[in-house]
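Participant: Given chain G's structure and the hints, the job is docking chain V onto it.
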Amino acid sequence: MKKISLPERPQWRDHAQEVGFTFADMHGEPYWDETSAYAFSLSQIEQDIEDPSTELHSMCREAAAHITASEELMDRLAIPQTHRDLVAQSWRKGEPEIYGRFDLAYDGTGPAKLLEYNADTPTSLYETASFQWQWLEDQMAAGTLAPDSDQFNGLHEALVTRFAALFAPETDLHFTAAANTPEDYATVEAMAWAAREAGLGAHYCDLEKLAVSDEGQFLDDQDRVIGTLFKLYPWEDLLRDEYAAHIAPSGCLFLEPAWKAVLSNKGLLPVLWQMFEGHPNLLPAFFEADIKDAISGHGPAAPHVAKAFDRAAAQLAAGHVTKPILSREGASITIHQHGQVIESSTNTAYSQHPRIIQAYTSLPQHDGFRPVIGSWIVGQTCAGMGVREDRSRITQDLSRFKPHFITP
Amino acid sequence: MIKRSRTVAITILGAAAFTLAGCQEEQVDAAAFPDLQSCTNAAQDGGIFTAQDCDAAFAEAAALHVEAAPRYDSIAVCEEQHGQGACGSEATATNGGSGSIFMPLMMGYLIGNMLGGRGGASASQPLYKTANGKYTNAAGSSTFSNNSGSAKLGTSQFARPAATVGKPPMSRATAMSRGGFGSAGAGRTGMGG
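If you're matching them up, the sequences are chains G and V in order.
Just add 384 to the spot in the first sequence (first one is 1) and you have our numbering.
Just add 526 to the spot in the second sequence (first one is 1) and you have our numbering.
If we strip away everything but chain G, and leave its shape as in the complex, we get (with noise of 0.2 Å):
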């Protein structure tokens, strides 16, 4: 894994243009940023990224059905009460999921470490699947990259595949996204594309606007009634929205599912912790409220982590991180190293929230940047990667997309 300077495209902001790519520079810094990129090997892709994502996605299913089946882990992971049945009846049922992103810290040698996993509405599957990807054709084509290069990157066709796979040809599925929010579109857009090309019909729909007949079926604004809805709107909101009890009555397939909720929450890892202690893609973790005045000195971990944190009470002293269990864009995220807190994130929006503590693992540096890598599930398989790097340990919404490639 090196980062490499490389020429960038000399038209590439026209082509961003062309294809409706508007997010290309935000907030007045560059988000698509391809005066470098990062080279990996094969094998790193492979042995370190691929094949140890895929089998974190079935460890994160053991866990769904681990806590789905508990009263008390629902609790502790916020889902409101009244809607744990649906959330538990979506995993017994065996709804489908289409696709998620494992964040992971990876600085080319040893195990990556798994940080999140947004596995209800990740973003940038535009840029991933098909910016990137017309990147690196555009430099091997153009000499600056050899021209056996590869990338990681068969998001596209492996989502082609997974719905073409789920739904019958010429099924009608609806997309939404809050109004307004271009980077958000850009994910369902490049979703609806794939169920296109899988023989399926694709129809949007706002997020505000959706309606509720008088049936109790969910409606587009053109009020027809919607049958499955991918929604790039995030179950812990779903479930906190005026139409939360219609979901369950209404007989609409969610994409992704309601037993999405309990992976795409930080409460996911510590139960994995606590069910695949020792993991090598794993690092710590224990629900804050557990060891509180145990990492603070001030008295006993919880009895049934007390064990546990024993084992991880050197690590932890060296650093941790705290998390609300519900957050997004690095917020309200605090790094502590050695008592002292070396990095805090500057949005608190999700700070009344309960919060884990993950020990700490350093991103590495390239430039003054530090990367993050994403890696992409579609159905149950690992399937392509983007990287992310930011300026701060913690990676934010000023932070920048960089294309990757495979040396030959």
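Rather than coming from a laboratory, the hints here were simulated on the basis of the structure.
Don't take every hint at face value.
[As the list claims (entries may be wrong)] With a cut-off of at most 27 Å between alpha-carbon atoms, the simulated DSSO-like pairs for lysine-lysine come out as follows:
1) G:Lys-387 with V:Lys-529
2) G:Lys-691 with G:Lys-676
3) G:Lys-386 with G:Lys-497
4) V:Lys-660 with V:Lys-678
5) G:Lys-387 with G:Lys-497
6) G:Lys-676 with G:Lys-497
7) G:Lys-386 with V:Lys-660
8) G:Lys-691 with G:Lys-497
9) V:Lys-529 with G:Lys-497
[As the list claims (entries may be wrong)] One side only, chain V facing chain G, incomplete, derived with CB under 7 Å:
10) Ile-528
11) Ser-531
12) Val-534
13) Thr-537
14) Ile-538
15) Gln-607
16) Lys-678
17) Pro-695
18) Met-696
19) Ala-701
20) Met-702
21) Gly-718
[Said to hold, decoys possible] Distance ranges between label pairs, derived from CB positions:
22) V:Gly-540 with G:Ala-526: 23 to 31 Å
23) G:Asp-522 with V:Gly-572: 57 to 65 Å
24) V:Gly-572 with G:Gln-473: 50 to 58 Å
25) V:Leu-539 with G:Ser-728: 38 to 46 Å
Quantities reported herein were computed from a predicted structural model and do not represent experimental measurements.
Glycine included, every Cβ here is placed at the ideal spot set by N, Cα and C.
Facilitator: Relative to the frame of chain G, chain V by itself:
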């Protein structure tokens, strides 16, 4: 083995793209007849349907009529929707039907040139009168000005109507309320991560 997609051609076109690229509906030859006899007569004059098509489609429409015609709890409400004299009790329409449930009389049928059925689509539909003198199908999802004539129609016109409560995807329904999603996440610049 190559680790990337062979081709990816995605452009972000905006919501309009969905209607443009998404739902080009297949058109089929279709005809409406007020009754079986007029269909059979047209078949003898060499129309696009044979007398056998007429029989099969009529039988199917009649079955759908029993299964999926709109039901009302009074004749007054039924006539409000379908016009004076256009309704009868369920008991007169079907054996074992209720005398206190009312449904519109079948005023003809729509037949589509895809007999054999594809994708669960029924090739015929019963037609009912509307209060303003037009014609509609069982789901109430389309209106037609007449119950005889031929045209090109989208295949969705032949989607099987729901037998019980709850309508099939893409059929029209009446909105009871709108806008109940989105408030929990309001104020954020994006919902994903």
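Participant: Looking back at the numbered hints, which does the structure fail to meet, lowest number first?
Facilitator: Hints 7, 15 and 16 contradicted; others consistent.
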